[in-house]
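*Asks:* The listed protein sequences correspond, in order, to chains P and C. In terms of the working numbering, the first sequence is numbered consecutively and its last residue is 85. In terms of the working numbering, the second sequence is numbered consecutively and its last residue is 452.
To be clear, the hints were calculated from the coordinates, so they are not data collected in a lab. All of these numbers come straight from a predicted model, not from anything done at the bench. In this text, a Cβ means the ideal position worked out from N, Cα and C, and glycines have one as well. Treat the hints with caution; some may be incorrect.
To be verified - Computed beta-carbon distance windows for the label pairs:
no., chain 1, residue 1, chain 2, residue 2, range
1, C, 338, P, 38, 42 to 50 Å
2, C, 116, P, 52, 42 to 50 Å
3, C, 116, P, 68, 25 to 33 Å
4, C, 121, P, 68, 16 to 24 Å
5, P, 45, C, 210, 16 to 24 Å
6, C, 335, P, 39, 41 to 49 Å
7, C, 336, P, 38, 29 to 37 Å
8, P, 39, C, 86, 25 to 33 Å
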Amino acid sequence: MVNQIENALRFAETRAKFAIPDPNLWSGAASLACAESIERLAADLHLVQQRLSGWSF
Amino acid sequence: MGDLHWYGGDAQIVATRGEIERVVAELTGLENWLQSQLEPQNFLVEPLDRLRLALELPAVLERIGHIRNACIAASDSYFTGEIEISKELRSGNRPPVPELALGLIGAGNLLGLFGETSVKAQIVQVDESVAPPRSIYGLGERLATTAKVADGWLRIEKYFEPASPVTGLPGEAKYLVYIPGTQSWAPNPAANPLDVTSNLGAISKTGSAGSERAVAMALKQAGVQPNSRVLFIGHSQGGMVAANLSLAFPRSSVLTFGAPIGHLTEKLKAPVLSVEHEQDPVPKVDGRANPMRENWVTVRQDIPSAKAIDPIAQHQMKGYLETAAAIDAEPGSSKQGSSPPASLESANLAAANSAMTKMRDSLAGFAGNEPGTAIYFELTRQT
Numbered sequence: 029m030v031n032q033i034e035n036a037l038r039f040a041e042t043r044a045k046f047a048i049p050d051p052n053l054w055s056g057a058a059s060l061a062c063a064e065s066i067e068r069l070a071a072d073l074h075l076v077q078q079r080l081s082g083w084s085f
Numbered sequence: 070m071g072d073l074h075w076y077g078g079d080a081q082i083v084a085t086r087g088e089i090e091r092v093v094a095e096l097t098g099l100e101n102w103l104q105s106q107l108e109p110q111n112f113l114v115e116p117l118d119r120l121r122l123a124l125e126l127p128a129v130l131e132r133i134g135h136i137r138n139a140c141i142a143a144s145d146s147y148f149t150g151e152i153e154i155s156k157e158l159r160s161g162n163r164p165p166v167p168e169l170a171l172g173l174i175g176a177g178n179l180l181g182l183f184g185e186t187s188v189k190a191q192i193v194q195v196d197e198s199v200a201p202p203r204s205i206y207g208l209g210e211r212l213a214t215t216a217k218v219a220d221g222w223l224r225i226e227k228y229f230e231p232a233s234p235v236t237g238l239p240g241e242a243k244y245l246v247y248i249p250g251t252q253s254w255a256p257n258p259a260a261n262p263l264d265v266t267s268n269l270g271a272i273s274k275t276g277s278a279g280s281e282r283a284v285a286m287a288l289k290q291a292g293v294q295p296n297s298r299v300l301f302i303g304h305s306q307g308g309m310v311a312a313n314l315s316l317a318f319p320r321s322s323v324l325t326f327g328a329p330i331g332h333l334t335e336k337l338k339a340p341v342l343s344v345e346h347e348q349d350p351v352p353k354v355d356g357r358a359n360p361m362r363e364n365w366v367t368v369r370q371d372i373p374s375a376k377a378i379d380p381i382a383q384h385q386m387k388g389y390l391e392t393a394a395a396i397d398a399e400p401g402s403s404k405q406g407s408s409p410p411a412s413l414e415s416a417n418l419a420a421a422n423s424a425m426t427k428m429r430d431s432l433a434g435f436a437g438n439e440p441g442t443a444i445y446f447e448l449t450r451q452t
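Isolated chain P, as found in the complex:
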């Protein structure tokens, strides 16, 4: 069963991906670095979600 925190982290992961710059409106080295940072952030949010769901007493 999916709990509220897992849902919250999935939502956060999706929301992070929405923050990736649109290359038509912002491109170049800085934009690429920003997009990569946000991708890594989204991946880490996914890992947090997995760690929490695998965590039990």
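With chain P fixed as given, assemble chain C onto it according to the hints.
*Replies:* Frame of chain P, contents of chain C only:
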């Protein structure tokens, strides 16, 4: 000297303030939402999982904050110049300066003022074996000298590419056109077309100013063809005329000092280096900041001295020559190194530096290495 900064000019960069602001807003929203997951009332549900989340989140929040701050820094460095200009304009809507100038010409005509006349360009002097300019200062210095030689004089230099080693045929001709700023401040058209009437014409409609038409005549007499390589160098009104004329020469470039040419944003396709002083009001009279475009680099200088409060001193070529020397003194793009930038901020700065120095080097070396010919023209109105 004060701070020299620049923006624009890189083919690899497209940056809209709206998009960077959207990214920053999304990240702020994400940060706030994650923090809200740790509010005390939420601990009533799944308290142990939430405790674990409370241990994981600080590192995540710190990273979001870092990315957001880096985006803001990138935005600042992209738009510093524009931000500074827009601050001055934010108090009201953008003034429709070209339309206002047209209206002023119409009203002035009723009073016998600002009426355009026919013009003429006449060769008055030819100097053979002129050394080519090799720096932005060198270009600015020749422009300043042209303005001092005599009122209404224009200088066109002609250089050739080296002859082909295969065919022995002479190389392509290149022209440098030095156009001084306003020299006559009378409200009625003067004998010298570098006057107030031409100021209004140059900002209101391409091809209408007397000075612009006179320079176009001189170009023809100098042998400039529509497909010729031309570098237009202009101060103040001369910069407006330079930008207007470049629209008719697809292989031209433009170097301006203290000239209002932002209103040509949609039309100007030539490579442009605009040099402006922070406190010089003239580049701002068209009410448009120069754009951030691949073909356009704007260099702005902040002069922190007594001169800063004197708008006339800020606008004179004497001050712009100091700025030109500072531009020449900026280290080349090799300073940036070839390794990938370490951070989001340095990536942006490296790109901007490289764009400025590339544009500078391209214009400074435009004439090549071989001596050329300088032709002086006298521009006159038929009043």
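*Asks:* Tell me, which hint numbers fail for this structure?
*Replies:* 5, 7
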